[in-house]
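2 protein chains.
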Amino acid sequence: MVTITKNSNMVTLINVFTVEPEKQQKLIDLLIQATEKTMRHLPGFISANIHRSLDGKQVANYAQWRSHQDFEAMLHNPDASGHMQEIASFTKFAPNLYDVVESIQA
Amino acid sequence: MVTITKNSNMVTLINVFTVEPEKQQKLIDLLIQATEKTMRHLPGFISANIHRSLDGKQVANYAQWRSHQDFEAMLHNPDASGHMQEIASFTKFAPNLYDVVESIQA
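Chains C and A, in that order, are what the protein sequence lines are.
Counting from 79, one number per residue, gives the positions in the first sequence under the numbering used here.
Counting from 79, one number per residue, gives the positions in the second sequence under the numbering used here.
Simulated from the structure, these hints should not be mistaken for lab results.
In this text, a Cβ means the ideal position worked out from N, Cα and C, and glycines have one as well.
Incorrect hints may appear among the rest.
Said to hold, decoys possible - DSS-like cross-link-like pairs, simulated, lysine-lysine; straight-line CA separation at most 30 Å:
id, chain 1, residue 1, chain 2, residue 2
1, C, 104, A, 84
2, C, 101, A, 84
3, A, 101, C, 84
4, A, 135, C, 135
5, C, 135, A, 84
6, C, 135, A, 170
7, C, 84, A, 115
8, C, 84, A, 135
9, A, 115, A, 101
10, C, 115, A, 84
Claimed, not checked - Far from chain A by the CB rule (all over 12 Å, computed), these chain C residues:
id, residue
11, 100
12, 156
13, 165
14, 166
15, 167
16, 168
17, 172
Just chain C, same shape as in the assembly (with noise of 0.2 Å):
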């Protein structure tokens, strides 16, 4: 199960996506592929968690890493870089990386 918590021990990555409506499944389907064959089995990987917007303009990956270290490996890691060169190629994004600082309930 992922969970959100506040003050954990792992940073977190917010990646937005903005893609034409008719690739956001081609999308999707490529990050899902990138993370089952690669970015999971990385040093640090926690979990990917892939949003699809419901306006069909944008994909998000909520993903988190034991540190940031962890993360800038797996940017210089070969066959991640592969993933995310083919995906740009017809998508822009802005990743960055977050920590939790509040988390609220009902």
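Knowing the structure of chain C, use the given hints to seat chain A on it.
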């Protein structure tokens, strides 16, 4: 505990705010205040999770609502829109609604 689950019976709001680093903490404080005072008491609110980017330039809200309709009703709530107007005066943001289509763990 906040959990991320594939095909769950809820919608996810991902809202990434861009802010001057010296105002990142002010933005975080306002988002927490808005959630505690207003959003968490509205019908259909499930959770809000406030994230601080490590580079200081962004804040992300990963929030869960019972339905698209509950989220839309929040947008028309005068207290909620008052909070968002204050936040809009010094940030840019791009909210969108999503479904979780895949969740992959190590």
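Task: residue 135(A) paired with residue 135(C) [C-alpha distance capped at 30 Å] - done: Holds, at roughly 24 Å.
Task: Least C-beta distance between residue 156(C) and chain A, which was stated to exceed 12 Å - done: holds, 20 Å
Open item on the list: For residue 84(C) and residue 135(A), compute the direct alpha-carbon distance and say whether it is at most 30 Å.
Closed with: holds, 20 Å
Open item on the list: With the threshold set at 30 Å, check whether the alpha-carbon distance from residue 101(A) to residue 84(C) stays at or below it.
Closed with: holds, 21 Å
Open item on the list: Against the 30 Å threshold, does the CA-CA distance of residue 115(C) and residue 84(A) hold or violate the hint?
Closed with: Holds, at roughly 19 Å.
Task: Straight-line alpha-carbon gap residue 104(C) to residue 84(A), limit 30 Å - done: holds, 18 Å
- [ ] Would you check whether the claim that residue 165(C) is not at the interface survives, using Cβ distances to chain A and the 12 Å cut-off?
- [x] The claim stands: residue 165(C) keeps its Cβ more than 12 Å from every Cβ of chain A (closest is about 15 Å).
- [ ] Verify the proposed pairing of residue 84(C) with residue 115(A), using a straight-line Cα cut of 30 Å.
- [x] Between residue 84(C) and residue 115(A) the Cα gap is close to 19 Å, so the pair holds against 30 Å.
- [ ] Measuring Cβ to Cβ, find out whether residue 167(C) lies farther than 12 Å from everything in chain A.
- [x] holds, 21 Å
Open item on the list: Beyond 12 Å on every Cβ pair: is that true for residue 168(C) relative to chain A?
Closed with: About 18 Å separates residue 168(C) from the closest Cβ of chain A, which puts it past 12 Å; holds.
TODO: Take a quick look at residue 166(C) and tell me if its Cβ sits farther than 12 Å from every Cβ on chain A, holds or violated.
DONE: At roughly 19 Å from the nearest Cβ of chain A, residue 166(C) sits farther out than 12 Å, so the non-interface label holds.
Task: Given hint residue 170(A) paired with residue 135(C) - CA-CA distance at most 30 Å - done: holds, 19 Å
Of the numbered hints stated above, the single one contradicted by the structure is hint 17.
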